[in-house]
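First to last, the sequence lines map onto chains L, Z, D and E. Position one of the first sequence corresponds to residue 58 (my numbering), numbered consecutively onward. Position one of the second sequence corresponds to residue 58 (my numbering), numbered consecutively onward. Position one of the third sequence corresponds to residue 3 (my numbering), numbered consecutively onward. Position one of the fourth sequence corresponds to residue 3 (my numbering), numbered consecutively onward.
Rather than coming from a laboratory, the hints here were simulated on the basis of the structure. Even for Gly, the Cβ is constructed at its ideal location relative to N, Cα and C. Keep in mind that the hints are not guaranteed to be accurate.
Covered, in the sense of this in silico footprint (three residues per stretch, anywhere, with C-beta under 8 angstroms from a C-beta of chain D), are these stretches of chain Z [stated by the list, open to error]:
{"hint": "1", "segment": "77-90"}
{"hint": "2", "segment": "284-292"}
Simulated DEER-style distance windows between Cβ atoms [stated by the list, open to error]:
{"hint": "3", "chain 1": "D", "residue 1": "Gly243", "chain 2": "L", "residue 2": "Pro79", "range": "53 to 63 angstroms"}
{"hint": "4", "chain 1": "Z", "residue 1": "Glu240", "chain 2": "E", "residue 2": "Gly100", "range": "47 to 57 angstroms"}
{"hint": "5", "chain 1": "L", "residue 1": "Pro79", "chain 2": "D", "residue 2": "Gln83", "range": "17 to 27 angstroms"}
{"hint": "6", "chain 1": "L", "residue 1": "Glu240", "chain 2": "D", "residue 2": "Thr322", "range": "53 to 63 angstroms"}
{"hint": "7", "chain 1": "L", "residue 1": "Ala246", "chain 2": "E", "residue 2": "Gln16", "range": "55 to 65 angstroms"}
{"hint": "8", "chain 1": "Z", "residue 1": "Asp363", "chain 2": "E", "residue 2": "Val205", "range": "18 to 28 angstroms"}
{"hint": "9", "chain 1": "D", "residue 1": "Thr322", "chain 2": "Z", "residue 2": "Leu287", "range": "52 to 62 angstroms"}
{"hint": "10", "chain 1": "E", "residue 1": "Glu336", "chain 2": "Z", "residue 2": "Gly245", "range": "17 to 27 angstroms"}
{"hint": "11", "chain 1": "D", "residue 1": "Ala180", "chain 2": "L", "residue 2": "Pro79", "range": "16 to 26 angstroms"}
{"hint": "12", "chain 1": "D", "residue 1": "Gln83", "chain 2": "Z", "residue 2": "Asp363", "range": "35 to 45 angstroms"}
{"hint": "13", "chain 1": "E", "residue 1": "Val205", "chain 2": "D", "residue 2": "Thr22", "range": "27 to 37 angstroms"}
Short derived list, chain Z residues pointing at chain D, Cβ under 8 angstroms [unchecked claim]:
{"hint": "14", "residue": "Pro114"}
{"hint": "15", "residue": "Leu115"}
{"hint": "16", "residue": "Phe143"}
{"hint": "17", "residue": "Ala182"}
{"hint": "18", "residue": "Leu322"}
{"hint": "19", "residue": "Asp353"}
{"hint": "20", "residue": "Gln364"}
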Amino acid sequence: MNELTLVEAVRLALARALEDDPRVILLGEDIGVNGGVFRATDGLAARFGADRVRDTPLAETAIAGIAVGAAAHGLRPVAEIQFMGFLYPALDQLANHAARLRNRTRGRLSCPMVLRAPFGGGIHAPEHHSESFEAMLAHVPGLRVVVPSSPARAYGLLLAAIRDPDPVVFLEPKRLYRSVREEVADDGAALPLDRALILSAGDDVTLVTWGAMVQEAREAVERMATEGVLVDLIDLCSLKPIDRATIRRSVAKTGRCVVLHEAPLTAGLGAEIAADLAEHCLTDLLAPIRRVAPPDVVIPYPRLEDQYMPTAGQVVGAIREVMEFS
Amino acid sequence: MNELTLVEAVRLALARALEDDPRVILLGEDIGVNGGVFRATDGLAARFGADRVRDTPLAETAIAGIAVGAAAHGLRPVAEIQFMGFLYPALDQLANHAARLRNRTRGRLSCPMVLRAPFGGGIHAPEHHSESFEAMLAHVPGLRVVVPSSPARAYGLLLAAIRDPDPVVFLEPKRLYRSVREEVADDGAALPLDRALILSAGDDVTLVTWGAMVQEAREAVERMATEGVLVDLIDLCSLKPIDRATIRRSVAKTGRCVVLHEAPLTAGLGAEIAADLAEHCLTDLLAPIRRVAPPDVVIPYPRLEDQYMPTAGQVVGAIREVMEFS
Amino acid sequence: MARFDFGPVRVLDQAGNVETTLPGFARDREALARHYRAMVLTRQFDTKAVALQRTGRLGTFASSLGQEAVSVGVASAMRDQDVFLPSFREHGGQLWRGVTLKELFLFWGGDERGNDFSGHRMDFPACIPVATQFPQAAGVALAMQAQGTGGVAVPVGGDGATSKGDFYEAMNIAGAWALPVVFVISNNQWAISVPLAAQTRAVAISDKAMAAGIPGGRVDGNDVIAVRAMMERALERARSGGGATLIEAVTYRLGDHTTADDSKRYRNEAEVSAHWKAEPLVRLRAHLVQEHGWTKEEEETLQRSCREDVETAAEAYLATGLQPPRAIIDHLFESVPEDLAQRFGEAGYE
Amino acid sequence: MARFDFGPVRVLDQAGNVETTLPGFARDREALARHYRAMVLTRQFDTKAVALQRTGRLGTFASSLGQEAVSVGVASAMRDQDVFLPSFREHGGQLWRGVTLKELFLFWGGDERGNDFSGHRMDFPACIPVATQFPQAAGVALAMQAQGTGGVAVPVGGDGATSKGDFYEAMNIAGAWALPVVFVISNNQWAISVPLAAQTRAVAISDKAMAAGIPGGRVDGNDVIAVRAMMERALERARSGGGATLIEAVTYRLGDHTTADDSKRYRNEAEVSAHWKAEPLVRLRAHLVQEHGWTKEEEETLQRSCREDVETAAEAYLATGLQPPRAIIDHLFESVPEDLAQRFGEAGYE
Ligand SMILES: Cc1ncc(C[n+]2csc(CCOP(=O)(O)OP(=O)(O)O)c2C)c(N)n1
Ligand SMILES: Cc1ncc(C[n+]2csc(CCOP(=O)(O)OP(=O)(O)O)c2C)c(N)n1
Ligand SMILES: [Mg+2]
Ligand SMILES: [Mg+2]
């Protein structure tokens with residue numbers, strides 16, 4: 058019936074939020090009449106007015122700071138950073154303020170804001186347009202970090218993020234913006250913000266990932282199935298807090314784990330997942346935990362980008378390794 | 058002979074670098090006539106002139122950007138960010154530029170700069186003055202991140218950082234600025250930038266830490282010795298790249314590992330160390346890897362700060378746990 | 003160089019004589035006395051806070067010595083629905099807006115409860131990362147504009163803060179969107195050890211308003227009457243949809259930057275002594291004496307009453323027990339996530 | 003509102019007639035022809051780049067259609083020891099400074115080798131994160147000041163870039179330190195879909211210089227002679243120790259923001275058509291024809307020669323093989339750290 062792409066699902070959720078709650082406003086560069094460079098806000102300014110779907114001057118620090126101030130004063134701002142690579146200037150407001158306002162005022166003020174940003178590589182974009190430093194955000198206490206990997210999850214998780222009483226960074230895997238379609242009911246139903254999803258069930262090995270890598274993971278899962286290896290595929294969804302229970306339960310069952318992400322290896326979020334298992338599930342482990350992630354390099358310009366992005370093939374290789382380990 | 062505190066050793070290294078290399082300049086807020094808020098540059102402006110030891114206006118984004126530009130054009134800037142909590146606005150220049158300039162120009166331009174910042178808690182400073190987000194920096198490809206934990210190491214590592222042809226973030230554990238003294242020979246000898254140091258040798262358990270936590274670790278090591286447990290205490294020194302070989306070798310010997318840091322747990326650098334071991338030393342492990350780190354909260358205001366900072370007692374507890382594990 | 007004309011630059015001269023027409027409120031003895039008391043109370047608070055710090059009973063503290071008129075004048079011009087976003091040196095304004103002395107002590111003593119204050123509940127706590135309050139103020143103003151409350155956001159920062167990009171980004175957007183914000187710069191001429199001349203080549207900080215196309219006004223920040231008068235005009239302008247204004251209040255930091263600072267390292271005593279002549283309390287007192295027959299007894303009573311208030315508050319602060327350990331996780335989110343609660347237990351932080 | 007007087011705002015009118023005195027260089031036919039050729043070459047490059055992108059043989063591309071005079075005029079005023087820090091839209095200036103067409107194609111085709119260019123080796127590659135080149139330029143200028151090279155740093159950004167804090171921080175410091183920088187804003191009146199009026203309330207971008215206490219000049223950016231003349235004065239000022247200047251060159255983006263953009267979504271055709279009348283190539287050609295007897299043959303030869311250069315370069319670009327896989331780790335540090343080399347192998351990236 059209502060087969061949507063991921064970016065359409067984002068738009069649907071934004072429209073729903075604007076419709077349902079007069080406190081919701083959107084702000085960001087080119088989100089108004091232009092509808093956002095990825096069209097995530099297409100038509101929303103026309104429908105809800107330029108005051109509620111507001112083009113900002115080109116100033117990421119201020120976008121974040123304005124969201125903090127507006128949230129503290131009763132609005133529900135949903136700010137867009139045009140590409141994750143331009144989010145660094147917003148970090149000061151995110152880490153030093155948004156994430157702390159409730160804590161430092163003992164609950165007197167709070168910061169119910171969402172910061173959306175398209176992230177990740179694989180679409181041969183110019184430099185600084187393919188960043189994926191979700192682990193840095195997940196390290197900030199007081200922030201929630203959410204990453205959808207399908208249209209329906211984008212819709213439900215974004216609604217949850219907007220309704221959440223605390224600040225949420227919502228990272229959208231732009232490689233998936235238009236590459237998958239899924240039925241999305243505009244029922245206003247939010248998904249839980251702190252639950253991982255098991256996308257396929259298997260007893261042999263656990264594969265944890267998020268965002269665009271879910272597609273590579275799915276492909277790897279299918280290929281492994283032909284070899285008779287059944288994979289518990291976990292889509293993290295919430296990168297902070299992490300649904301550790303779901304992962305631990307899976308590994309308790311499978312005894313093997315591969316983590317996949319497109320951010321560089323060192324201090325990537327895969328480390329947290331592996332570390333958690335090394336602390337809490339060591340005796341369940343039948344094989345080393347393999348992380349499939351690029352080496353610690355800057356994501357190359359498009360012509361060599363494929364040398365960087367992890368592939369289903371690499372995941373298959375890693376799964377075979379942990380399966381063969383003894 | 059020359060017993061110095063850590064901050065004095067930093068100053069000695071800065072003076073030596075200014076003396077040895079006319080390309081070296083220092084810049085930062087209040088580093089000139091005031092000698093820095095921690096006196097790390099005390100006397101240097103008088104000795105080397107206000108042009109080479111340069112007070113900047115209050116602008117962290119620009120401080121980082123100026124360092125990038127000056128480094129690319131032949132200087133060796135050593136910039137100070139007054140407290141790590143004010144480093145966020147410098148991240149854009151660090152991650153999007155400093156760390157990439159060589160790579161994106163295929164070596165035509167480079168960025169031999171150092172960004173120094175005092176970091177960490179435990180001195181009951183006002184809010185935003187006790188931050189410790191070294192893991193975020195360690196995630197940036199192209200950056201080196203170095204943390205000394207003693208006066209002699211501060212001297213040798215800082216010289217190495219300044220002489221390194223690429224950008225280095227040099228984080229100084231301010232809790233140790235004046236609390237320890239050590240003999241420091243002003244011999245201009247640099248320490249290697251990518252080697253961890255084994256501070257005490259033991260066959261029973263590996264304890265990995267860095268910065269101010271080295272003191273807590275030392276205390277824990279002593280207490281464990283009285284119980285007959287001998288600890289391999291590793292001071293990471295370089296947080297990026299990590300000297301994985303030294304850690305793996307130690308754990309291959311001990312079979313047990315505890316990681317200690319004062320940054321919040323999730324996506325802290327302890328995760329990387331544990332994950333590396335879970336991948337490469339799984340069969341050596343006789344016990345779960347324990348991370349001693351605060352929960353994912355904002356470091357509290359001074360009155361409750363002690364509830365946050367990890368203690369030797371907690372490390373002892375963790376070591377006992379992994380020793381008793383079977 | 004052109005400068006926007008934005009009302010009286012100075013009302014009282016250093017001796018307390020009226021230089022220009024007195025604004026309405028300043029003809030009222032009671033009103034003036036209230037301002038005077040607020041400044042005296044601020045100074046007493048500052049003195050006590052420094053003393054507590056020196057004896058190890060308070061954290062690092064930033065005194066507002068000499069700058070009381072800016073803080074009080076700004077706050078006294080504001081209305082209930084307005085929102086104050088102070089830097090860390092605006093004790094006078096915070097007190098005027100209803101933050102209690104005890105709460106201020108708690109904040110500076112290192113207790114988050116100092117920010118859960120009894121004052122205007124929508125006001126922001128003191129801002130430590132310099133200039134970050136400016137974009138937040140634009141956000142508050144955006145909310146007020148959307149809600150039609152008629153409120154105005156009033157962020158205050160120092161001269162050093164005008165070197166930060168945040169300040170310009172916020173002013174520029176507030177200009178573009180005609181937001182109800184009055185940006186206040188308390189120009190005390192120093193940013194720790196950096197004098198204004200080393201901070202910028204701009205002729206006046208108020209000129210920086212031109213970068214945003216908004217009016218900028220410059221006022222004698224040691225004249226509480228002038229500060230309030232100029233603020234009132236800027237607030238009125240904002241309230242009536244006229245948009246944002248930048249106000250530079252020129253004052254002087256008579257004390258050290260904070261209790262961790264030693265200003266003798268970087269500025270000479272002569273400069274400081276010279277500025278003592280212009281300090282704001284003496285000036286208003288002289289005016290009260292000359293124009294309103296302010297008596298010695300009134301002065302003594304007021305001083306004593308302020309001192310008592312401060313002492314009582316200090317004692318109450320010192321008697322305040324610690325928050326329970328759990329307080330470090332309880333307020334991070336509206337409800338504590340499972341992961342956090344569990345780790346809090348595990349990590350032995352209980 | 004006061005504005006700094008900073009030299010001719012326009013030399014040629016839209017029809018190519020001389021409005022004010024011609025600066026020296028502009029009386030020389032050869033010199034003018036060189037500027038004209040540079041602008042034509044830039045436009046041909048732009049056209050070809052868009053065509054390559056449309057056929058999947060180039061990445062997202064930002065055309066400089068209509069803005070050639072700013073870029074060329076800025077670069078032609080510069081000397082060898084100066085350093086150019088362009089945004090992503092300054093192809094004309096990069097070409098003038100010796101970056102080859104093939105290198106530009108490589109850059110936009112997604113190959114880092116395009117930045118290892120044959121042009122001035124100290125120039126910066128095109129800057130994507132808006133406004134970040136401004137503080138870097140201050141740093142380059144600081145180095146040149148220290149080295150006494152007499153060089154000047156010239157960062158170029160767009161009108162949108164003037165909303166970023168980086169721009170103000172850099173200008174402010176360059177002002178305070180009297181650094182040899184000429185900040186250039188190529189005001190093409192749009193930042194993607196946001197028109198200048200929504201970007202700032204400032205009356206003119208050049209007025210923003212007042213925030214830093216430096217001179218600001220405004221020039222017709224479609225008049226390459228005026229651009230170069232004003233640049234020369236600003237560069238001379240910087241070179242002789244006079245410090246930084248801000249130059250606003252007013253032009254218009256005739257094309258889409260990039261090949262990923264569709265400007266019909268947010269601006270009407272009539273506005274664009276109107277601006278075609280003021281475009282810079284026609285103007286300089288008219289002047290050449292009127293004053294220097296520029297012939298049809300010369301015009302055709304030049305157009306053909308530019309087209310040939312562009313075609314040859316495009317072919318050379320298309321024939322350039324990929325870098326080896328290892329290239330993703332080889333240039334990150336001067337020497338590849340062990341950890342990185344090992345992981346590169348392990349991860350199966352070879
Ligand atoms: C972003 C940031 N950088 C550095 C500091 C450290 N610091 C605290 S106050 C201060 C000087 C502030 O000067 P000014 O803005 O003039 O305010 P004043 O202290 O004079 O009231 C500095 C550098 C900080 N708090 N925030
Ligand atoms: C910091 C940052 N934010 C957002 C972007 C995305 N972006 C690229 S160009 C652009 C508009 C730039 O406008 P302007 O400065 O006027 O330059 P122009 O494109 O008109 O040449 C935007 C928003 C970016 N590159 N950098
Ligand atoms: Mg000041
Ligand atoms: Mg533009």
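Notebook entry, point to check: Lying within 55 to 65 angstroms: is that true of the beta-carbon distance L/Ala246 to E/Gln16?
Noted result: Taking Cβ atoms as reference, L/Ala246 and E/Gln16 lie about 59 angstroms apart, which means the hint holds.
Item checked: E/Glu336 paired with Z/Gly245, Cβ distance criterion 17 to 27 angstroms -> Since E/Glu336 and Z/Gly245 have Cβ atoms about 21 angstroms apart, the given range 17 to 27 angstroms holds.
Notebook entry, point to check: Does 53 to 63 angstroms hold as the CB distance between L/Glu240 and D/Thr322, or does it fail?
Noted result: holds, 57 angstroms
Note to self: Z/Asp353 was flagged as interface toward chain D. Is the shortest Cβ-Cβ separation under 8 angstroms?
What the structure shows: holds, 6 angstroms
Checklist line | Proposed interface contact between Z/Ala182 and chain D, which counts if any beta carbon pair is under 8 angstroms | finding: It holds, given that the least Cβ distance between Z/Ala182 and chain D is near 7 angstroms, below 8 angstroms.
Notebook entry, point to check: Are E/Val205 and D/Thr22 spaced within 27 to 37 angstroms by their CB atoms?
Noted result: holds, 29 angstroms
Margin query: Can you confirm whether chain D covers the segment 77-90 of chain Z, using C-beta to C-beta distances below 8 angstroms and requiring at least three such residues?
Written below: The restraint on the segment 77-90 of chain Z holds, since 4 of its residues have a Cβ under 8 angstroms from chain D and three suffice.
Margin query: Holds or violated: the 17 to 27 angstroms window for the beta-carbon distance between L/Pro79 and D/Gln83?
Written below: holds, 19 angstroms
Note to self: Please check whether Z/Phe143 passes as an interface residue: C-beta within 8 angstroms of a C-beta belonging to chain D.
What the structure shows: Hint on Z/Phe143: holds, closest Cβ of chain D at ~6 angstroms, below 8 angstroms.
Check: Does the Cβ pair D/Gln83, Z/Asp363 satisfy 35 to 45 angstroms?
Finding: About 40 angstroms separates the Cβ atoms of D/Gln83 and Z/Asp363, which means 35 to 45 angstroms holds.
Checklist line | Z/Asp363 versus E/Val205 beta-carbon gap, inside 18 to 28 angstroms or not | finding: violated, 55 angstroms
Margin query: Given the hint of 47 to 57 angstroms, is the C-beta distance from Z/Glu240 to E/Gly100 inside that range or not?
Written below: holds, 54 angstroms
When the structure is compared with the earlier hints, violations turn up for hints 2, 3, 8 and 9 and for no others.
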